[in-house]
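Numbers 41 to 107, taken from the working numbering, label the letters of the sequence shown in order.
Keep in mind that the hints are not guaranteed to be accurate.
Claimed, not checked - Label pairs and their in silico Cβ distance ranges: (1) 77 with 57: 32 to 38 Å; (2) 79 with 59: 31 to 37 Å; (3) 80 with 58: 28 to 34 Å; (4) 49 with 79: 45 to 51 Å; (5) 64 with 41: 32 to 38 Å; (6) 46 with 75: 47 to 53 Å; (7) 53 with 77: 35 to 41 Å; (8) 80 with 44: 48 to 54 Å; (9) 80 with 55: 45 to 51 Å.
Read the hints as simulated data drawn from the structure, not as lab findings.
Note that the Cβ used here is the ideal one computed from N, Cα and C, for glycine as well.
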Amino acid sequence: MKDKRKLLLLLLLLYTRALCWLWLIGINVYDASYPLTQEETFLINPSIDLLTAHQIFPEVKGIQNSF
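With the sequences and hints as input, model every part of the structure.
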């Protein structure tokens, strides 16, 4: 009886791990299928020059003049 319970717990654990991995892979595939907006690109890669930045975020224009 204990062996059956252990086996069921192990199968449940493996099943939930497989579901988690499939869910994570699904999210990554879903996210990669849509191109990033300009704002998202700037937030991921803030090394974009300030000229480009103030086109995306108009409030950055004042910062550019302060340098």
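Outcome of the hint check:
no.: 1; hint: 77 with 57: 32 to 38 Å; verdict: holds, 34 Å
no.: 2; hint: 79 with 59: 31 to 37 Å; verdict: holds, 33 Å
no.: 3; hint: 80 with 58: 28 to 34 Å; verdict: holds, 31 Å
no.: 4; hint: 49 with 79: 45 to 51 Å; verdict: holds, 46 Å
no.: 5; hint: 64 with 41: 32 to 38 Å; verdict: holds, 35 Å
no.: 6; hint: 46 with 75: 47 to 53 Å; verdict: holds, 48 Å
no.: 7; hint: 53 with 77: 35 to 41 Å; verdict: holds, 40 Å
no.: 8; hint: 80 with 44: 48 to 54 Å; verdict: holds, 50 Å
no.: 9; hint: 80 with 55: 45 to 51 Å; verdict: violated, 35 Å
The structure fails hint 9 only (numbered hints given earlier).
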